[in-house]
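Engineer: Let's have the full structure, built from the sequences with the hints guiding it.
Residue numbers are given in full-length UniProt numbering: position 29 of the sequence shown equals residue 29, and the series is strictly consecutive.
Do not take every clue at face value.
No more than 27 Å apart at the CA atoms, straight line, and that leaves these computed lysine-lysine pairs for DSS-like [what the hints assert, rightly or not]:
#1 Lys-62 - Lys-114
#2 Lys-16 - Lys-75
#3 Lys-30 - Lys-75
#4 Lys-114 - Lys-76
#5 Lys-75 - Lys-114
#6 Lys-114 - Lys-16
#7 Lys-30 - Lys-16
#8 Lys-16 - Lys-62
#9 Lys-114 - Lys-30
#10 Lys-76 - Lys-16
The hints are simulated quantities; they were obtained by calculation from the structure and are not laboratory data.
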Amino acid sequence: MWWYEDVSRADFEAVKDTIEQIMLQLGASKYEIRLPYEVKTTSCSDDFEEMHRSERSVFTYKGLFFRVDEVLFSKKPFIVIECGDLDELMNNIMDDAEPFPYDLSYEELCDEVKYSLGIEPYPQE
1 MWWYEDVSRA DFEAVKDTIE QIMLQLGASK YEIRLPYEVK TTSCSDDFEE
51 MHRSERSVFT YKGLFFRVDE VLFSKKPFIV IECGDLDELM NNIMDDAEPF
101 PYDLSYEELC DEVKYSLGIE PYPQE
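Structural biologist: This is how it looks when you write it as structure tokens:
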């Protein structure tokens, strides 16, 4: 059940589409592969649970594999880019980069993708 009132599932998915376009613009390539598992994410928050089956593409960049995923926090949904080598991709054990809110500006989304792909280091806190 989608519990957010400020963003629809369709609008959230559109931001994930934008993230994939940014990845391509930054030099990532789509990687055609048939995974041996169904890609799905289950998020829980208080009394709510959301399971989402993903049809997202796999990308490759500098020898690593990436996939756009989500983390549904109680106040708003976040986007996360998963990363790993081919074995991790095939076994569905990729690492998550730092999640970021879906409602950032386009420039901020570009920065988050650069951090996730390792093009730029995460800013020091």
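Engineer: Given the hint that Lys-16 pairs with Lys-75, does the C-alpha gap stay at or below 27 Å?
Structural biologist: Distance of about 18 Å is within 27 Å: holds.
Engineer: Assess, step by step, whether the Cα of Lys-75 is no farther than 27 Å from the Cα of Lys-114, and give holds or violated.
Structural biologist: The given pair, whose Cα atoms are some 25 Å apart, holds under the 27 Å limit.
Engineer: Could you grab the alpha-carbon distance between Lys-114 and Lys-16 and see if it respects the 27 Å cut-off?
Structural biologist: holds, 15 Å
Engineer: Hinted pair, alpha-carbon criterion (27 Å max): Lys-16, Lys-62. Please report holds or violated.
Structural biologist: Within the cut-off at roughly 21 Å; holds.
Engineer: Quick one, are Lys-114 and Lys-76 close enough, alpha carbons at most 27 Å?
Structural biologist: holds, 22 Å
Engineer: Check whether the Cα positions of Lys-76 and Lys-16 lie no farther apart than 27 Å.
Structural biologist: With Cα atoms ~14 Å apart, Lys-76 and Lys-16 stay inside 27 Å; holds.
Engineer: Given the proposed pairing of Lys-30 with Lys-16, does the C-alpha separation stay at or below 27 Å?
Structural biologist: Holds, at about 15 Å.
Engineer: What's the verdict on Lys-114 and Lys-30, does the C-alpha distance respect the 27 Å limit or exceed it?
Structural biologist: Holds: Lys-114 and Lys-30 sit about 17 Å apart, inside 27 Å.
Engineer: Between Lys-62 and Lys-114, is the straight-line Cα distance small enough, at 27 Å or below?
Structural biologist: Status holds; Cα separation ~13 Å.
Engineer: Is the straight-line distance between the alpha-carbon of Lys-30 and that of Lys-75 27 Å or less?
Structural biologist: violated, 32 Å
In summary, the one numbered hint that this structure violates is 3.
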